[in-house]
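Visitor: Taken in sequence, the protein lines are chains A and B. For the first sequence, the residue numbers in the numbering used here are 1 to 267. For the second sequence, the residue numbers in the numbering used here are 1 to 312.
In short, the hints are calculated from the structure, not lab data. Among the hints, a few may not be true.
As the list claims (entries may be wrong) - Quick partial rundown of chain A residues pointing at chain B, CB under 10 Å, derived from the structure: (1) E72; (2) F93; (3) L125; (4) A132; (5) M191; (6) N192; (7) T193; (8) E195.
Unchecked claim - Stretch-level coverage of chain B by chain A, calculated; a stretch enters the list once three of its residues show a Cβ under 8 Å from a Cβ in chain A: (9) 153-161; (10) 214-227.
To be verified - Here are the in silico distance ranges between beta carbons for each label pair: (11) L127(A) - A254(B): 35 to 45 Å; (12) Q209(A) - S68(B): 30 to 40 Å; (13) I90(B) - G159(A): 57 to 67 Å; (14) L25(A) - I90(B): 27 to 37 Å.
Glycine included, each C-beta is placed from N, C-alpha and C at the ideal position.
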Amino acid sequence: MTDAPILSASPILSASSVTHAFGGLIAVDGVSISVQRGEIFGLIGPNGAGKTTLFNIMTGLIAPNRGKLFFEGRETTRLPPYRIAERGIGRTFQNIRLFGELSVLENVMTGRHTRTHSNVLSGVLGLPAARAEERATRQQAMQLIDRIGLTDRAHVRAGSLPYGDQRRLEIVRALALEPRLLLLDEPAAGMNTREKQALSDFIRQVRNQYHLTIVIIEHHMPLVMGLCDRIAVMNFGQLIAIGVPAAVQRNPAVIEAYLGSRKFVDR
Amino acid sequence: MADFLSTYGSLIVSMILAAMLGLSLYLPLMSGQLSLAGAGFYALGGYIAAILSTKVFTTYSGDLYPVSYVLIEMIVAGIAAGALAVIVGILALRLRGVYLALATIAFVEILRVLSLNIDITGGAIGIFGVPQPFGTPIEYLWIALPMLLLSMLFVYRLERVRTGRALIAIREDELAAESIGINPTYHKVLAFMLSAILAGCVGALSAHVLNTWNARQGTFDAAIGHLAFVLVGGSRTFAGPVVGGLALTLLPEALRQLAGINGLPPWLAQFLREGRLILYGLLIVLGAINFPQGLITPAMFKHHRAAKDPTT
Ligand SMILES: Nc1ncnc2c1ncn2[C@@H]1O[C@H](COP(=O)(O)OP(=O)(O)O)[C@@H](O)[C@H]1O
Ligand SMILES: [Mg+2]
Chain A
1 MTDAPILSAS
11 PILSASSVTH
21 AFGGLIAVDG
31 VSISVQRGEI
41 FGLIGPNGAG
51 KTTLFNIMTG
61 LIAPNRGKLF
71 FEGRETTRLP
81 PYRIAERGIG
91 RTFQNIRLFG
101 ELSVLENVMT
111 GRHTRTHSNV
121 LSGVLGLPAA
131 RAEERATRQQ
141 AMQLIDRIGL
151 TDRAHVRAGS
161 LPYGDQRRLE
171 IVRALALEPR
181 LLLLDEPAAG
191 MNTREKQALS
201 DFIRQVRNQY
211 HLTIVIIEHH
221 MPLVMGLCDR
231 IAVMNFGQLI
241 AIGVPAAVQR
251 NPAVIEAYLG
261 SRKFVDR
Chain B
1 MADFLSTYGS
11 LIVSMILAAM
21 LGLSLYLPLM
31 SGQLSLAGAG
41 FYALGGYIAA
51 ILSTKVFTTY
61 SGDLYPVSYV
71 LIEMIVAGIA
81 AGALAVIVGI
91 LALRLRGVYL
101 ALATIAFVEI
111 LRVLSLNIDI
121 TGGAIGIFGV
131 PQPFGTPIEY
141 LWIALPMLLL
151 SMLFVYRLER
161 VRTGRALIAI
171 REDELAAESI
181 GINPTYHKVL
191 AFMLSAILAG
201 CVGALSAHVL
211 NTWNARQGTF
221 DAAIGHLAFV
231 LVGGSRTFAG
241 PVVGGLALTL
251 LPEALRQLAG
261 INGLPPWLAQ
271 FLREGRLILY
281 GLLIVLGAIN
291 FPQGLITPAM
301 FKHHRAAKDP
311 TT
């Protein structure tokens, strides 16, 4: 297995001149980016730079004031979030958003919603097709849960898991929908160095195994530099740099943006 | 036993009907929607049964009204309520929380005012002489009990399949649910429709049980009563509203019985008879303070699981 990304000519995701303001505050300001199929794409920038807002626009949670979005060549600009998920974009949230009262297993099974089809009647009546689908869903969910080592806690309330497990569970719930593009919003937040390394390995593994494209927002520079094929840097809503990690690291505009935050230079 | 059943037949049947009305409110709650529209669909179902049985299905042999006709009325009522629910749901379910509750109360009021002002529902007088399919009230259990068991089984199964998980996911976190491909509007309307079908069927049966139907059935008060079933019983498992409906229907009757005990001081007897609503309200408030999740909580069914896991 190789770590080299399988790059192709047509981007899997592209944003063109996307702009969005909250009242007077321009959170995302004319951003154009193309993400190539198969790459791990880092999105960095100081707090408040507009990274999460850009994710929310890409997944339909926020309709941009201006600009267009394309996924696999088809426009997604005004689609509702559930349609964008159906097309194959999965995501996690900066503030973990699990279904707290549902079990670990149920959370992941719910993630397979778009890949399953039984309706309310066939499900409640337990018709053979619905039963078979339910069994398969359970099995597939258990396999994913096994990958994050939560097999023996599959029936525990998701809300009762420790923080790190909740983060991993949220990733796995997004993987359950078999996305072709996965957006991770600060997945390593609150983890220690060892956990961060393990998460980084996990992300690379799933990318290779499922031939995914991943966009990751992350503050921890060693993780970003080690994991990402390309990096885009945002500051005050604008894209200020994009390129391979080594080049971005030397970019004067980027160093300027990070001055004072020390994160970028020190760690 | 026979004595008991003939004395308390009506009470037992109303308890079962109330349990179903509690379940009907629980269905939209599964997707996080507090709807009080059930009382309106209940009223609609009752009118449909009352009109069909007094004006349409008037020829039958024998003294008793055929049970099969009652079942047909229930099906018609369920379909009508379900269809109306889809329309109302699409309009109202974009509202959230207390705004949705208010809109559904408005819906109940609109239906009530309509029924007071059109001829077919008998105006303010309502419809009398809804025919009886059974000789004694307790026999209504033949329909009501299987109906309750079936609707409980329905909800029990629903919570364990794809559609039910989607509903609960919406309740737990609507944005997260949408981001994994769940269409919230579709599922909310679906839960609203299922709730209306159940309330409509219960209304149809109630018209026969009560022998009459008028604009005092299915009012705002009734809607608050259904809400109390859920608040007292608990809203996180379907057993909650069922127990709430049974208990809160039994309670006023039990108090009335207590008042009849010989040797009570007259003031206490009078209080038990006439201060019922005060006690009722007090119990609901105390219950809400001491059991904020209701009397019946999911944890009660999960001891086994919880025991296995030290962190829960
Ligand atoms: N829903 C919102 N309403 C108003 N302002 C918002 C909202 N979401 C984000 N913002 C503002 O937009 C800017 C960008 O936020 P965000 O995208 O969360 O940044 P980042 O993820 O890069 O830290 C911030 O100034 C933030 O306060
Ligand atoms: Mg953010």
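Visitor: Run every hint past the structure and note whether it holds.
Guide: Now the hints, each set against the structure:
1. E72: Since chain B brings no Cβ nearer than about 16 Å to E72(A), farther than 10 Å, the hint is violated.
2. F93: Interface hint status for F93(A): holds (7 Å vs cutoff 10 Å).
3. L125: Since chain B brings a Cβ to about 8 Å from L125(A), closer than 10 Å, the hint holds.
4. A132: violated (12 Å)
5. M191: violated (19 Å)
6. N192: violated (19 Å)
7. T193: Because about 24 Å separates T193(A) from the closest Cβ in chain B, which is outside the 10 Å limit, the hint is violated.
8. E195: With a closest approach of 18 Å, the E195(A) hint is violated.
9. 153-161: Check passed, 4 qualifying residues.
10. 214-227: Violated: only 0 residues of the region 214-227 of chain B have a Cβ under 8 Å from chain A.
11. L127(A) - A254(B): 35 to 45 Å: holds (43 Å)
12. Q209(A) - S68(B): 30 to 40 Å: Given a distance of about 59 Å, which is not inside 30 to 40 Å, the answer is violated.
13. I90(B) - G159(A): 57 to 67 Å: 32 Å Cβ-Cβ, so the 57 to 67 Å window is violated.
14. L25(A) - I90(B): 27 to 37 Å: holds (34 Å)
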